[in-house]
Amino acid sequence: MQSKSILLILSHAPYGDTRAKEALDLALTAAAFGQDVSLLFTQDALYLLLKSQQPQAIEQKNLANICSALPMYDIDKIYIENNTSQTKHITAEQLILPGVFVNHNQIALMIRDHDVVLRF
Amino acid sequence: MIFSILIYGSAHNSQSVHTAYRFAKSLLAAGHTLHRVFFYGESVYTASALCAPPRDEQDIHQLWKSLAETHQLDLVVCIAAALKRGVIDQAEAQRHEKPAFNTHAPYELSGLGQLSEAAIISDRLVTFGA
Amino acid sequence: MRHITIADKDLTLDDEGYLLDLTDWSEAVAEYLSNEEQIQLTDAHWEIIHVIRDFYRQYELSPAMRPLVKAVGITLGDDKGKSIYLMKLFPQSPAKQAAKLAGLPKPTNCL
Amino acid sequence: MSTLHTINKSPSDNTLWQSCLAALLPGDALLMIENAAYAAAQPSVMTQLQEYDIDIYLLSADVDARGLSGKLYTNANIIDDQQFVTLACQHTKVVSWF
Chain E
1 MQSKSILLIL SHAPYGDTRA KEALDLALTA AAFGQDVSLL FTQDALYLLL KSQQPQAIEQ
61 KNLANICSAL PMYDIDKIYI ENNTSQTKHI TAEQLILPGV FVNHNQIALM IRDHDVVLRF
Chain A
1 MIFSILIYGS AHNSQSVHTA YRFAKSLLAA GHTLHRVFFY GESVYTASAL CAPPRDEQDI
61 HQLWKSLAET HQLDLVVCIA AALKRGVIDQ AEAQRHEKPA FNTHAPYELS GLGQLSEAAI
121 ISDRLVTFGA
Chain R
1 MRHITIADKD LTLDDEGYLL DLTDWSEAVA EYLSNEEQIQ LTDAHWEIIH VIRDFYRQYE
61 LSPAMRPLVK AVGITLGDDK GKSIYLMKLF PQSPAKQAAK LAGLPKPTNC L
Chain Z
1 MSTLHTINKS PSDNTLWQSC LAALLPGDAL LMIENAAYAA AQPSVMTQLQ EYDIDIYLLS
61 ADVDARGLSG KLYTNANIID DQQFVTLACQ HTKVVSWF
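Chains as they are written, first to last, in UniProt numbering: chain E, 1 to 120; chain A, 1 to 130; chain R, 1 to 111; chain Z, 1 to 98.
Since the hints were derived computationally from the structure, they do not count as laboratory data. Be aware that one or more of the hints could be misleading.
Cross-link-like lysine to aspartate or glutamate pairs, in silico, EDC-like; alpha carbons within 20 Å at most [claimed, not checked]:
hint, chain 1, residue 1, chain 2, residue 2
1, A, K25, Z, D55
2, A, K98, A, E108
3, A, K98, R, D15
4, R, K70, E, D76
Not the full set, but computed from the structure, chain E residues with beta-carbon under 7 Å of chain A [as the list claims (entries may be wrong)]:
hint, residue
5, T29
6, D36
7, Y47
Here are the in silico distance ranges between beta carbons for each label pair [to be verified]:
hint, chain 1, residue 1, chain 2, residue 2, range
8, R, D8, E, K61, 26 to 36 Å
9, R, R57, A, G113, 17 to 27 Å
10, A, G113, R, M87, 12 to 22 Å
11, Z, G27, A, Q62, 36 to 46 Å
12, A, T33, Z, N77, 24 to 34 Å
13, E, Q106, R, P105, 32 to 42 Å
14, A, K98, Z, G27, 50 to 60 Å
15, E, T91, A, G31, 49 to 59 Å
16, R, M87, E, K77, 26 to 36 Å
17, Z, T92, A, Q15, 21 to 31 Å
18, E, D115, R, E36, 36 to 46 Å
Please read these numbers as outputs of a predicted model, since none were measured by experiment. Note that the Cβ used here is the ideal one computed from N, Cα and C, for glycine as well.
Build the full structure now, drawing on both the sequences and the hints.
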């Protein structure tokens, strides 16, 4: 099967609704199918990467743990919206995964350069 | 041109499932191919045959069903998203020992891999969101 | 669903033979399930079962084939981190069979 | 190499609109569908959009449904569903903001 480059842009926080979880499921499936998947964390999606999540009391899976599996699924291209991390006062050390920080211009070019772009 | 459609908006709490329907009708009318329609997230409720809107209001389940039957469309409903929301076909109802089922052809429960495949096969994948 | 008794404990399996309650798992359960899968468990199988259970503990996911191969490679060495090696141990489908014997849910990222 | 962006929320969803606008490149097109049609009735939004080198479109079905046809502050192109399909063909991909 031929491969296309897929950019998945996440914009929603974990737990409050299912959007982030369903986008991650899609990323893992596409990667398991051998697709070339890049993930971009924008807006509240940055909270997915916070190490300190403990969702036991709300009986949810820990989405930080699931995010930490991304490299195991060969999803190594992980990008973080620069502006978002600044306004949320989140530093790289607080994140479960390292990512490349990108600005708005770079994001626009990433959208242009991928074959398929899905935003959740 | 080969299109696929990803619907992510709520079946009954957003306009998106209907916008997608109009887009599908138009691309078919223009002679393009619709490889697959993939229902994900809250849009999976579209597949419930038990929806009974007032007779003078839009019946989104029926609209997609008729279009699919006319054009032999592949309507795939994400099985994981559907099962957890109680949208279930006969085979899955048996497997999970549930007392009833509420969806059937032309709606078909299948995995997210079908969306992956549609992304590769199609020239355009168009999303209709929440 | 199916009810079985192993070491005086009542357990439930789903339609496809996966354990319904992950906390019911024991090595005796793995032995029982391996008979159903017609697999003779060896040390080589147990190594993989432990790797996949650790994977689940860490990531809360039953791995698809590629991540399973990767995890086995990292833990047990590159000579074992190959799909052909896992196919020999679990001929039906390594990701599904290993998950089943390890008491994990069926991997969702399959077709 | 250009993108058709669709957006379906009114400009009251400021975060969504800012993200979408930041992603526009010269030569792209923006199609305002569903509640995004209200944007075309807001002078401030349309003035802001003029700064971008892009084509702006509205779906007639959405404009008519919302009673906006006499209230549009712009010369945004009003198109029908068929032309939506044509636009999707003319651009190399479609990105949806929702």
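Each hint, compared with the structure:
Between the alpha carbons of A/K25 and Z/D55 the distance comes to roughly 24 Å, so the proposed pair goes past 20 Å and is violated. The hinted pair formed by A/K98 and A/E108 meets the criterion: a straight-line CA distance of about 18 Å does not exceed 20 Å. Straight-line distance between C-alpha atoms of A/K98 and R/D15 comes to about 12 Å, which keeps the hinted pair within the 20 Å bound. Between R/K70 and E/D76 the CA atoms are separated by roughly 14 Å; this keeps the pair inside 20 Å, and the hint holds.
The restraint placing E/T29 at the interface with chain A holds, with a minimum CB-CB distance near 4 Å, inside the 7 Å limit. Taken as an interface hint, E/D36 does not check out: its beta carbon lies about 11 Å from the nearest beta carbon of chain A, beyond 7 Å. The criterion of a C-beta within 7 Å of any C-beta in chain A is not met by E/Y47, whose closest approach is roughly 19 Å, and the hint is violated. At roughly 32 Å, the beta-carbon separation of R/D8 and E/K61 lies within the given 26 to 36 Å, and the hint holds.
For the pair R/R57 and A/G113, the supplied restraint of 17 to 27 Å holds, since their beta-carbon distance comes to about 26 Å. Restraint check, A/G113 to R/M87: a C-beta distance of roughly 20 Å satisfies the suggested window 12 to 22 Å. A beta carbon spacing of about 40 Å between Z/G27 and A/Q62 agrees with the range 36 to 46 Å that was offered as a hint. As the Cβ distance of A/T33 to Z/N77 is approximately 27 Å, the hint placing it in 24 to 34 Å holds.
Distance hint check for E/Q106 and R/P105: the Cβ-Cβ separation is about 38 Å, which falls inside the suggested range of 32 to 42 Å. In this structure the supplied range 50 to 60 Å holds for A/K98 paired with Z/G27, their Cβ-Cβ distance being about 51 Å. One distance hint, 49 to 59 Å for the beta-carbon pair E/T91 and A/G31, holds here, with the actual separation near 54 Å. Between R/M87 and E/K77, the C-beta spacing of about 29 Å keeps the proposed range 26 to 36 Å intact.
Against the hinted window of 21 to 31 Å, the Cβ-Cβ separation of Z/T92 and A/Q15 comes to about 26 Å, which satisfies the hint. At roughly 43 Å, the beta-carbon separation of E/D115 and R/E36 lies within the given 36 to 46 Å, and the hint holds.
Violated hints, in rising order: 1, 6 and 7; the structure is consistent with all others.
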